[in-house]
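*Asks:* Protein sequences appear in the order of chains A and B.
Counting in the working numbering, the first sequence runs from 1 upward without gaps.
Counting in the working numbering, the second sequence runs from 1 upward without gaps.
Take these hints with a grain of salt, some might be off.
Stated by the list, open to error - Here are the simulated DSBU-like cross-link-like pairs (lysine-lysine), alpha carbons at most 35 Å apart as the crow flies:
| no. | chain 1 | residue 1 | chain 2 | residue 2 |
| --- | --- | --- | --- | --- |
| 1 | A | Lys114 | B | Lys136 |
| 2 | B | Lys136 | A | Lys104 |
| 3 | A | Lys104 | A | Lys247 |
| 4 | A | Lys50 | A | Lys114 |
| 5 | A | Lys50 | A | Lys124 |
| 6 | A | Lys51 | A | Lys155 |
| 7 | A | Lys152 | B | Lys136 |
| 8 | A | Lys152 | A | Lys104 |
| 9 | A | Lys223 | A | Lys114 |
Hints in this document: simulated from the structure, not taken from any laboratory.
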Amino acid sequence: MKGRFIFLLALPLVVGVCQIVPGPAWAQALTECDVPNRQNEIDFPLPQVKKAIAAKHLNVLVLGAGSSQLPGPSGAKNAYPARLQQALSARLPGVEVNVATDVKPTRTAVEMLKTLKTSLADAKPALMIWQTATVDAMQAVDPDQFSHALDKGIKIARSAGSDVIFINPQYSPRTESMIALATYVENLRWVALQHEVPLFDRFNLMKAWADLGTFDLYSATKKLDMAERVHGCLGGLLADLVLEASKASVPNTDSGREPGK
Amino acid sequence: MAPVPTERDLRLDLFRGLALWLIFLDHIPSNLVSWVTIRNYGFSDATEIFVFISGYTAAFVYGRAMAASGFIIASARVLKRAWQIYVAHVFLFAIYLAEISYVSHSFDNPLYSEEMGVLNFLNNPDVTIIQALLLKFKPVNMDVLPLYIVLLLWFAPILWLLLRSPSLALLVSAAIYTLSWMFEWNLPAYPSGDWAFNPLAWQLLFVFGAWCALGGAGRLARWTKSRVVVGLAFCYLAFAFSIAMTWYFPMLGAYVPSIVGEAIYPIDKTNLDVLRILHFLSLAVITVRLVPPDWPALKSPLCWPAIVCGRHSLEIFCLGVFLSFAGHFVFTEVSNRVFMHVVVSLSGIAIMVGAGALISWYRRIERQGSGPRPPATKPGYAGSEA
Numbered sequence: 001m002k003g004r005f006i007f008l009l010a011l012p013l014v015v016g017v018c019q020i021v022p023g024p025a026w027a028q029a030l031t032e033c034d035v036p037n038r039q040n041e042i043d044f045p046l047p048q049v050k051k052a053i054a055a056k057h058l059n060v061l062v063l064g065a066g067s068s069q070l071p072g073p074s075g076a077k078n079a080y081p082a083r084l085q086q087a088l089s090a091r092l093p094g095v096e097v098n099v100a101t102d103v104k105p106t107r108t109a110v111e112m113l114k115t116l117k118t119s120l121a122d123a124k125p126a127l128m129i130w131q132t133a134t135v136d137a138m139q140a141v142d143p144d145q146f147s148h149a150l151d152k153g154i155k156i157a158r159s160a161g162s163d164v165i166f167i168n169p170q171y172s173p174r175t176e177s178m179i180a181l182a183t184y185v186e187n188l189r190w191v192a193l194q195h196e197v198p199l200f201d202r203f204n205l206m207k208a209w210a211d212l213g214t215f216d217l218y219s220a221t222k223k224l225d226m227a228e229r230v231h232g233c234l235g236g237l238l239a240d241l242v243l244e245a246s247k248a249s250v251p252n253t254d255s256g257r258e259p260g261k
Numbered sequence: 001m002a003p004v005p006t007e008r009d010l011r012l013d014l015f016r017g018l019a020l021w022l023i024f025l026d027h028i029p030s031n032l033v034s035w036v037t038i039r040n041y042g043f044s045d046a047t048e049i050f051v052f053i054s055g056y057t058a059a060f061v062y063g064r065a066m067a068a069s070g071f072i073i074a075s076a077r078v079l080k081r082a083w084q085i086y087v088a089h090v091f092l093f094a095i096y097l098a099e100i101s102y103v104s105h106s107f108d109n110p111l112y113s114e115e116m117g118v119l120n121f122l123n124n125p126d127v128t129i130i131q132a133l134l135l136k137f138k139p140v141n142m143d144v145l146p147l148y149i150v151l152l153l154w155f156a157p158i159l160w161l162l163l164r165s166p167s168l169a170l171l172v173s174a175a176i177y178t179l180s181w182m183f184e185w186n187l188p189a190y191p192s193g194d195w196a197f198n199p200l201a202w203q204l205l206f207v208f209g210a211w212c213a214l215g216g217a218g219r220l221a222r223w224t225k226s227r228v229v230v231g232l233a234f235c236y237l238a239f240a241f242s243i244a245m246t247w248y249f250p251m252l253g254a255y256v257p258s259i260v261g262e263a264i265y266p267i268d269k270t271n272l273d274v275l276r277i278l279h280f281l282s283l284a285v286i287t288v289r290l291v292p293p294d295w296p297a298l299k300s301p302l303c304w305p306a307i308v309c310g311r312h313s314l315e316i317f318c319l320g321v322f323l324s325f326a327g328h329f330v331f332t333e334v335s336n337r338v339f340m341h342v343v344v345s346l347s348g349i350a351i352m353v354g355a356g357a358l359i360s361w362y363r364r365i366e367r368q369g370s371g372p373r374p375p376a377t378k379p380g381y382a383g384s385e386a
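Isolated chain A (complex conformation) (with noise of 0.2 Å):
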């Protein structure tokens, strides 16, 4: 599968215009599990966490169904949020990181609207990480109502005084033909740029692991292994998406930042 990335690398050659514009920050630090010339993704700036980190105590709220979460008794331990908050803890010397959770599978976005007041309210975070689309996929929920779920979830979290960035759904290669991810995976990116919030391409990451074979994501097992070295890389590169955004200037006030005004 290495030759779509041939394919990736070949055209910008020919458009040209991609060299003037400096690659993204992330680049420099590759680990094992980041991927060369990741370039899906969005990145916007996060000012209540910058504020946060510079308090010492960074407070975060996962909002996600079941590819947030791991089976299993130590599953908690080893799924996404809690690797996140180890890299943000290890990143962020003398910053007190909480990351609370609010994940149940089998949750649309429309559905995971519920309970967000309460779980904000109870984690008072400066951001909010929202991984959603997968399930929305599956029920074919109307994409317009998609949409608007979205708008309305940014508006809650921003007016409880928290950022937000977006998770997209899990390459799963076994599924490809039975789930339609693509409009939602356009919708979530489109609500993204509309509404400056950051977006963690999970898609095409995982995407790009099976091509490179960091991981056979084909495989069938009952193990966790590897669904536990997955969500360490996950969390990993979300950390660094964290800290990116934080750290990139922020135009004006919060006010500037709502589209359409």
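Put chain B on the given structure of chain A with help from the hints.
*Replies:* Okay, now just chain B, sitting in the frame of chain A:
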């Protein structure tokens, strides 16, 4: 009554055949070869070509039947065709069930516990199979045939109107399209949401194809041949291409003014976005200019493989959907290397061409075997279908 053309335009079969190949390539998830298909370089994709040409050929075949044998006979033939497509759809659903049942018993991975939930519908087949027969439950990539069925169900009255007042029929179609946008009309789907291809919107392209077949193309020729229109079409294709490039190189997105972004996104496939129609029309204008009806290559062996597929579009479409299931199965079970993507894509197209040739051969011997037919049933039907 509008005149009904007499000779089948080989370009229709050629481009429908090509569209069928592209649909096959696009339907194999993560297929590297699908980088060649047009959906990556603009707004519209092979579905527009398929629906437009299907409308064109439906008007061509049944328009002649309606002129010759009257409304009742032609309607009966249109409905028979809709029934054939329904049976084909149910057949494909059976294949899909076989695939999904296999996957549900052979694949387990804690990483994908959420995604495996898509197989849960096997737990209550009493509901899902009935919903599938009602065309409400449609698995991924099985949306085109139900759309085609609905389009044919109301085609007879539209055709009647097209033969009497083509402009009025086109206006009615455009009005339905507009109303479906204004009031968000669509058919309901199971378990939630609406049809992925809204028939109330997509009928516009089908009826427009029919309108072109019944003399509209001739009336438009003055426009489609004008340099200004060709120039505009070319500019629009260039615009769509540059927007499409930002999907693959997000850093290029910085060069797209936010006003443009706000105006064009989201590009709605379900409801056949105007941007998609314009893109298809631009492609059509340029294609018509580059490929005249009497283009010698149309009769050459080079074009034959696509033409033979386009001529038997229903059979080849179904085969293509089956082959795309099978292709994805090969990727997951055998190998997922680049080489395999090329092999699967090329052999899939080769099988489609072989099947098209086989069907043509069958039609020929059946016609010979059944002796000379009464001429009344023959016009417009020999070796062709809507």
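*Asks:* Enumerate the violated hints, using their earlier numbering and listing them in ascending order.
*Replies:* none
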